[in-house]
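Colleague: Order-wise, the sequence lines are chains U and G. Reminder that position 232 of the first sequence reads as 232 in UniProt numbering, one-by-one numbering, no gaps. Reminder that position 348 of the second sequence reads as 348 in UniProt numbering, one-by-one numbering, no gaps.
These are computed hints drawn from the structure, not numbers from a lab. This one's a predicted model, so the numbers in the text were calculated from it and none came from an experiment. Built from N, CA and C at the ideal position, the CB exists for glycine as well. Among these hints, one or two may not hold up.
Stated by the list, open to error - Label-pair distances were calculated between CB atoms; the ranges are: (1) U:R351 to G:Q166: 53 to 63 Å; (2) U:R351 to G:A416: 25 to 35 Å; (3) U:L383 to G:S321: 36 to 46 Å; (4) U:A347 to G:R10: 47 to 57 Å; (5) U:G205 to G:L105: 56 to 66 Å; (6) U:A339 to G:L383: 30 to 40 Å; (7) U:G312 to G:L383: 44 to 54 Å; (8) G:V200 to U:A339: 29 to 39 Å; (9) G:L105 to U:P78: 33 to 43 Å.
Claimed, not checked - Only part of the chain G face toward chain U is listed, based on derived beta-carbon distances under 8 Å: (10) R71; (11) H175; (12) T187; (13) S221; (14) D325; (15) A326.
Protein chains: 2
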Amino acid sequence: MTGDRAGDYRILHEAALRDYLAALPDLKVRLGGDPVSWAITEVGDGNLNLVFIVKGARGGIAVKQALPYVRLVGESWPLPLSRAHYEYLALSRQAELAPGLVPALLHHNEKLALTVMELLEPHIIMRKGLVAGTKYPRFADDITTFMARTLFFTSDLALSAAEKKQGIAAFAGNHALCKITEDLIFTDPYRIAEQNRWTVPYLDGVAADLRDDMDLHIAISRLKLKFMASPEALIHGDLHTGSIMVTDSQTRVIDPEFAFYGPMGFDAGAVLANLLMAYFASAGHEGAPGDRAAFEAWVLETVENVWTGFAGKFLDLWRGSAAGDAYPVSLFGGEKGTARLEAERQAYMQRLFADTVGFAAAKIIRRIFGLAHNIDFELIEDLRMRATTEARAVRLARTMMVETGAFRTVTDVTGAARKLRNWMPELSG
Amino acid sequence: MTGDRAGDYRILHEAALRDYLAALPDLKVRLGGDPVSWAITEVGDGNLNLVFIVKGARGGIAVKQALPYVRLVGESWPLPLSRAHYEYLALSRQAELAPGLVPALLHHNEKLALTVMELLEPHIIMRKGLVAGTKYPRFADDITTFMARTLFFTSDLALSAAEKKQGIAAFAGNHALCKITEDLIFTDPYRIAEQNRWTVPYLDGVAADLRDDMDLHIAISRLKLKFMASPEALIHGDLHTGSIMVTDSQTRVIDPEFAFYGPMGFDAGAVLANLLMAYFASAGHEGAPGDRAAFEAWVLETVENVWTGFAGKFLDLWRGSAAGDAYPVSLFGGEKGTARLEAERQAYMQRLFADTVGFAAAKIIRRIFGLAHNIDFELIEDLRMRATTEARAVRLARTMMVETGAFRTVTDVTGAARKLRNWMPELSG
Chain U
1 MTGDRAGDYR ILHEAALRDY LAALPDLKVR LGGDPVSWAI TEVGDGNLNL VFIVKGARGG
61 IAVKQALPYV RLVGESWPLP LSRAHYEYLA LSRQAELAPG LVPALLHHNE KLALTVMELL
121 EPHIIMRKGL VAGTKYPRFA DDITTFMART LFFTSDLALS AAEKKQGIAA FAGNHALCKI
181 TEDLIFTDPY RIAEQNRWTV PYLDGVAADL RDDMDLHIAI SRLKLKFMAS PEALIHGDLH
241 TGSIMVTDSQ TRVIDPEFAF YGPMGFDAGA VLANLLMAYF ASAGHEGAPG DRAAFEAWVL
301 ETVENVWTGF AGKFLDLWRG SAAGDAYPVS LFGGEKGTAR LEAERQAYMQ RLFADTVGFA
361 AAKIIRRIFG LAHNIDFELI EDLRMRATTE ARAVRLARTM MVETGAFRTV TDVTGAARKL
421 RNWMPELSG
Chain G
1 MTGDRAGDYR ILHEAALRDY LAALPDLKVR LGGDPVSWAI TEVGDGNLNL VFIVKGARGG
61 IAVKQALPYV RLVGESWPLP LSRAHYEYLA LSRQAELAPG LVPALLHHNE KLALTVMELL
121 EPHIIMRKGL VAGTKYPRFA DDITTFMART LFFTSDLALS AAEKKQGIAA FAGNHALCKI
181 TEDLIFTDPY RIAEQNRWTV PYLDGVAADL RDDMDLHIAI SRLKLKFMAS PEALIHGDLH
241 TGSIMVTDSQ TRVIDPEFAF YGPMGFDAGA VLANLLMAYF ASAGHEGAPG DRAAFEAWVL
301 ETVENVWTGF AGKFLDLWRG SAAGDAYPVS LFGGEKGTAR LEAERQAYMQ RLFADTVGFA
361 AAKIIRRIFG LAHNIDFELI EDLRMRATTE ARAVRLARTM MVETGAFRTV TDVTGAARKL
421 RNWMPELSG
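Using the sequences provided together with the hints, build the complete structure.
Modeller: Structure below.
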């Protein structure tokens, strides 16, 4: 079966894609006009796939096709096409659970590893907006709805154990994508690895410290084990600000090809980590001292609102619709039972917060010392300034990972970040 | 496919079984003589299946066939035949990992849900021996080898994440058997449930206390969630002393039809729980006061040896062959790294011990208030005496589940058991 699929696969560049789409009546109508007039542009700036925007007389669509290798690296790093299947599966589920917060699915071809979605316009990648200092007033409310609903409704709190096991099995084959995370986030930044890079020479000392920090190595290894063996819910798996498209009034989560049943804190941590990096990087994007102060205040406020909003919505779902096999309501009758279960819900969220803090730290460190960096820091042209802002983020991340228990609430995190805003690290070189 | 299988399934009673076996050349040779002379006896005393012993002129075999319902209850409680497939899968893996500690597999027919194994003779079910006051000098060493090897080599410490996910998916379909555990162990004993039973009237008050004990309900619910969502290793899933056959010199683990990827502490806890129940029940089997004192001392010593032996062997495997993706050795180089990793191994075992203590408690309570009881207590004819020994076990179990952290070492468990040996509970009625 896999062999057949592979046999039929071909990369659809512009001409072939035009013919392919023209043969699909629904898409042809949606685009409108003569297919030869459609404007097709390859816009993929991610690490893995081809992405085309196709515009016709009537409307536009986005087409994503997986390549049999990692685009960022090339054919020397093969990667299974099946990830397009898992992405499609995850996107379908997310669309059911969080309608309006993911792009509408228009077409999927498993053999071609190709998915067609609504064109998100005028949305931009949120990370670009954050670099520009743009606030997104809808973001916290939307992302917390997405997180709370996709995580709660695929967890043991909402599903029977049998349904949950079916879900786990359905995504078990996506292990190649999980392995990218396991290697690039949870292992390589902490050891000598060919693909690591960082802002040299300024962060050479910090990089060496990380490689020698055994408390940190234990902490990251515990997080890695949790990532591998805690199928708590269907997680997005790559929920950074480059996987979110926004306007002032809309939020759309894209690119769930890393989806699998994993720890919820990995998604929540990804959101917090990327906001925190936007916060620290902001100092490197100032035109004049302090001219991004309001933006930075909004970022930290958003960090707080994301956690409290997520926790609040997740708890409300739990209180309202606990149909899963975990914590059966039949064991918590009466006033005493109700109160005790509510206390346990709070304790559950406290454990999830600790996971979130740890995973957020891991996501920060990988973006500064691992293979894949982000434009928040990369667009800071003054390398010394870039390294300074990166070192601040790493200092917070190290504490978050090793002394996780010291962060009891999200304001402990934002407070610590604020204190490091102007800290001057010792740099190498 | 499933439909076909179901269509071909038929229950093989004596005559049909004789014909079936006679058509299998290897088994025919092993049994020897004319098939009409084979002695076929149904001996199943478990809750779920048919078990036949077949003896010929030359040798004997054991034949196990799953029924499409729970034997203990009848056709009103259907149960999928696929459990025979999972049992076969688990038994095959256990045979590779712990050779000589499970019965040799001779034949398997998936459509018939039928497995043929070597006849274990003169082995007896260990529980029967314990009721009789028999010591088993090989037991602790053998069972700890079985546990350490089957659990370690199917864990993230020994497998790649991809292999582990394949294993999880391969057993995900065994959810109907998991659900029996989820209901009968982790839920029903703590609420009004038709299938519950206990030694009436004497334990009526204790049963009511359990149903009203919200700290206990939280603790059992945490354990249930751990059971459902912690695929740490391929566990046996039903590792009580009724699933172990012994002689003075041999130990064989049987009946892994509840196998799936779950928490290791569930297996370890099952062994400890059933030894602890044998200990408490022993007082009810005395001929004269104190005549089983040496046996009881051996039981508690065995509880200690099982945990320390298991932990020691598991740690040795980890130190010697850590090929899995968890705790990669490349992060723990040098003297400092080696020491820190060793400390983490100890911390890992400490967490596993806490799980073990909790699960052991759950296994005790279900045998006294749930559907399935055991002969350790059931063969105590004096109901007041039976209830007294049961109440002692339950008192220990309640503490183990709610104050798990107070049990730091296994001698904390055996010490607490010893103190309750002659405790006189208040009984109802």
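Colleague: Regarding G205 of chain U and L105 of chain G, is the given constraint of 56 to 66 Å on their beta-carbon distance met?
Modeller: Because 59 Å falls inside the window, the suggested range holds.
Colleague: Quick check on H175 of chain G please, does its C-beta sit within 8 Å of some C-beta on chain U?
Modeller: With Cβ-Cβ at 4 Å, under 8 Å, it holds.
Colleague: Assuming the hint says 30 to 40 Å, is it satisfied by the Cβ distance from A339 of chain U to L383 of chain G or not?
Modeller: Given a distance of about 37 Å, which is inside 30 to 40 Å, the answer is holds.
Colleague: Between G312 of chain U and L383 of chain G, does the beta-carbon spacing fit 44 to 54 Å?
Modeller: Holds - the Cβ-Cβ distance for G312 of chain U and L383 of chain G, about 52 Å, lies within 44 to 54 Å.
Colleague: Hint says 36 to 46 Å; check whether the CB-CB distance for L383 of chain U and S321 of chain G agrees.
Modeller: Hint holds: Cβ distance 44 Å, inside 36 to 46 Å.
Colleague: Quick one: are A347 of chain U and R10 of chain G within 47 to 57 Å, going by C-beta?
Modeller: Between A347 of chain U and R10 of chain G, where Cβ atoms are some 52 Å apart, the hint holds.
Colleague: For the restraint on S221 of chain G, tell me whether the closest CB of chain U is nearer than 8 Å.
Modeller: Holds: closest Cβ of chain U sits about 5 Å from S221 of chain G, inside 8 Å.
Colleague: Should the hint that R351 of chain U and Q166 of chain G are 53 to 63 Å apart at their CB atoms be regarded as holding?
Modeller: violated (29 Å)
Colleague: Was the hint right that T187 of chain G lines chain U, CB cutoff 8 Å?
Modeller: Where the cut-off is 8 Å and the nearest Cβ of chain U is about 6 Å from T187 of chain G, the hint holds.
Colleague: Does the CB of A326 of chain G sit less than 8 Å away from some CB of chain U?
Modeller: holds (5 Å)
Colleague: Was the hint right that D325 of chain G lines chain U, CB cutoff 8 Å?
Modeller: holds (6 Å)
Colleague: Does the CB of R71 of chain G sit less than 8 Å away from some CB of chain U?
Modeller: Violated, because the Cβ-Cβ distance from R71 of chain G to chain U comes to roughly 22 Å (cut-off 8 Å).
In this structure, the earlier hints numbered 1 and 10 are contradicted, and the remaining ones agree with it.
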